[in-house]
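Going down the list, the sequences are from chains A and B.
Residues 12 to 167 (this note's numbering) make up the first sequence, in order.
Residues 21 to 522 (this note's numbering) make up the second sequence, in order.
Keep in mind that the hints are not guaranteed to be accurate.
[Unchecked claim] Derived DMTMM-like pairs: lysine to aspartate or glutamate, alpha-carbon spacing no greater than 20 Å straight-line:
(1) A:LYS151 - B:ASP433
(2) B:LYS155 - B:GLU23
(3) B:LYS271 - B:GLU219
(4) B:LYS516 - A:GLU72
Just so you know, the hints here were simulated from the structure itself, not pulled from any lab data.
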Amino acid sequence: MNKQLHRDVWVGVVLLIFCVVVFAVAVQISGQAAYLPIALSILMALCALVITINGLRKTKEQQGQFQYALTVKGSKHAFMFMLFIFIYYLLFRYVSYWVATPVFIIFAQKHLRLKSWWVNLLITALYLIISYFLFVVILKLPIYKVGVLGRYFRIV
Amino acid sequence: MLEYLTAALMSFTSVEVLIALAIGVVCGMAIGIIPGLGPSVGIALLIPITFSMTPTAALVMMTAMYTTGVYGGSITAVLCHTPGTAASAATTMDGYALTEQGRGMEAVSVVTVASVTGGIIGAICLILFAPALGKISLMFSCLEYFMIACFGLLVVSGLTGDNRAKGIFSALLGLLIGCVGMDSITGVSRFTFGQLWLEDGLDSTPILIGLFSISQVLVLVDRLMRGTGSTIVEDPAKGLQGKRWEKGNTKKLAPTMMRGSLIGAFVGFIPAAGCSIAAWISYSMAKRTSKHPEEYGKGSFVGIAASESANNAGCGGAMIPLFTLGIPGSPVTAILYGAMLMHGLQPGGQLFTGKQAVTTYSIFLGFLLANVLMGIIGLTMARQMARICLVPNSVLVPIIVALACIGTYALSDSMMEVVVMLVFGLIGYVMKIFDFDPAPLVLGVVLANILESNFRRALIMAAPKGGLIPYFFTRPISIIIALVIIAFALAPMIGKLMNKKA
Chain A
12 MNKQLHRDVW
22 VGVVLLIFCV
32 VVFAVAVQIS
42 GQAAYLPIAL
52 SILMALCALV
62 ITINGLRKTK
72 EQQGQFQYAL
82 TVKGSKHAFM
92 FMLFIFIYYL
102 LFRYVSYWVA
112 TPVFIIFAQK
122 HLRLKSWWVN
132 LLITALYLII
142 SYFLFVVILK
152 LPIYKVGVLG
162 RYFRIV
Chain B
21 MLEYLTAALM
31 SFTSVEVLIA
41 LAIGVVCGMA
51 IGIIPGLGPS
61 VGIALLIPIT
71 FSMTPTAALV
81 MMTAMYTTGV
91 YGGSITAVLC
101 HTPGTAASAA
111 TTMDGYALTE
121 QGRGMEAVSV
131 VTVASVTGGI
141 IGAICLILFA
151 PALGKISLMF
161 SCLEYFMIAC
171 FGLLVVSGLT
181 GDNRAKGIFS
191 ALLGLLIGCV
201 GMDSITGVSR
211 FTFGQLWLED
221 GLDSTPILIG
231 LFSISQVLVL
241 VDRLMRGTGS
251 TIVEDPAKGL
261 QGKRWEKGNT
271 KKLAPTMMRG
281 SLIGAFVGFI
291 PAAGCSIAAW
301 ISYSMAKRTS
311 KHPEEYGKGS
321 FVGIAASESA
331 NNAGCGGAMI
341 PLFTLGIPGS
351 PVTAILYGAM
361 LMHGLQPGGQ
371 LFTGKQAVTT
381 YSIFLGFLLA
391 NVLMGIIGLT
401 MARQMARICL
411 VPNSVLVPII
421 VALACIGTYA
431 LSDSMMEVVV
441 MLVFGLIGYV
451 MKIFDFDPAP
461 LVLGVVLANI
471 LESNFRRALI
481 MAAPKGGLIP
491 YFFTRPISII
501 IALVIIAFAL
511 APMIGKLMNK
521 KA
């Protein structure tokens with residue numbers, strides 16, 4: 012088959028498989044608690060079917076010429092940044108929010124092409140002061156409990 | 021009602037409420053001015069910060085952010101030809117044309133006055149009509165609440181336009197996520213896979229922060245790295261030239277503003293219509309009835325007065341079904357719904373009686389005052405506020421991420437919530453890639469428990485009457501709601517058919 016399919020066809024098929032998995036898990040739930048998940052999985056499967064059919068219709072109408080605003084392939088920068096966010100999360104969890112955040116903000120601003128180091132450092136410092144005042148001093152958030160260095164940032 | 025309003029006025033003697041109001045107004049304007057963000061991102065980020073506040077202060081802050089966010093978007097629409105929010109799109113053509121003619125200051129003044137007029141009239145409609153509609157909801161039983169929840173989901177899933185199946189799928193997925201955890205009636209675990217932390221279910225707040233803030237951050241990163249970021253580099257304050265107000269403007273614009281405000285409040289009240297449709301309807305109506313329709317699009321003050329009064333009045337109108345029936349007609353009101361539930365405010369008639377009525381009227385008055393404060397700031401500090409759009413996305417993105425992480429942690433002092441938020445951020449972005457709207461998913465999560473518990477209670481109540489269907493026919497309100505749902509579901513198909521015939 013040479014003609015390219017609209018991506019909604021694949022999206023619909025993947026969702027349909029997801030619905031089958033949900034249905035298989037839902038039927039194992041005992042009693043009345045299973046009613047809603049079962050009903051939802053069936054309704055979702057119907058929607059997935061409609062999405063697939065719409066995708067096929069679009070394939071036929073547009074004869075394989077599609078333009079998408081966003082694509083998985085074209086979103087490598089976004090996924091890369093998501094990876095940075097997860098690394099930031101790990102630093103937050105295992106080191107401390109007050110160590111992880113300046114590292115993340117400075118790095119992210121540089122990565123996102125903020126040229127001036129001076130502005131970069133100033134914004135990072137301002138954010139840290141304001142957020143510390145808001146979350147630790149005013150809201151008394153026990154964030155010192157998170158990370159091995161967290162206790163050094165506890166307000167007395 | 022008057023006694024509640026008087027008591028509500030007293031709540032504005034509280035420093036906490038006044039500070040919340042001021043922060044809501046300033047931050048709302050700022051977030052509206054910055055293209056790419058908007059009230060939904062701002063309110064989602066605010067929710068965890070308001071966690072320890074009183075419900076009055078929290079909701080005053082969020083509703084203030086809603087209305088001022090819509091106004092803020094119009095400043096960049098006028099000065100930079102870049103609408104900060106979709107609701108300001110109708111203002112862009114005439115507003116920017118006026119800036120090019122060297123009348124930017126007057127255009128921003130007209131936008132401000134029209135927005136304040138619309139916002140105040142929307143707030144008055146909210147104060148006058150919400151209690152009456154709230155009384156109707158007191159007649160609702162479990163069956164009606166179940167149907168209203170279904171209607172809410174249908175409305176929000178219909179916002180996705182052509183992709184209605186995707187919208188409905190998103191809403192159903194939200195309901196499924198809402199099922200995770202222990203069933204509230206039988207105590208049976210669902211989709212927990214042996215994980216103890218899932219037994220209590222997934223909180224909707226980290227989900228909505230992830231879906232609205234983190235996914236939007238990823239969109240901004242993508243645009244920024246591809247060089248298509250909407251960062252404005254030229255100082256927009258340069259466009260603020262000319263007189264502030266022409267003598268005849270008040271007389272010329274007042275009728276349009278009044279009409280636009282009433283149109284806005286009414287259209288905003290209709291679920292799924294929203295502020296941006298209100299603005300376009302008001303604009304086109306002003307053009308159609310004008311003696312000089314040729315001026316529209318080339319710098320008409322009447323045009324911007326019509327669209328601006330309508331989009332801000334639409335905010336007040338959209339809050340009527342939210343507070344009285346629990347029907348959020350837009351993504352922002354869907355987030356507000358989640359915030360209301362988090363602060364213990366269940367939409368419905370009970371919000372207008374007893375102690376909760378004071379909180380409700382305080383929120384309404386706060387919304388009205390936010391519009392007044394917005395006008396004062398807009399007229400005196402337009403130059404400074406406009407410069408906010410110069411803040412590059414490269415600065416905003418890491419700050420939003422850091423705020424989202426600490427804010428989500430603050431919800432229940434749990435890192436697991438941060439993981440949930442990040443995972444849903446990624447899911448939200450993938451949804452955006454494949455044209456799925458995250459708003460129905462959020463509403464599904466928020467409504468899952470309400471929908472299911474009311475349905476199962478309705479089943480119990482219907483048992484002595486021979487089942488759900490005979491019980492349904494004994495409830496006239498249920499029949500009316502069912503007819504409205506059917507009409508709403510069939511409207512797009514009928515519209516398509518009529519278009520084809522035409």
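task: Please write out, lowest number first, the hints stated earlier that are contradicted by the structure.
output: 3
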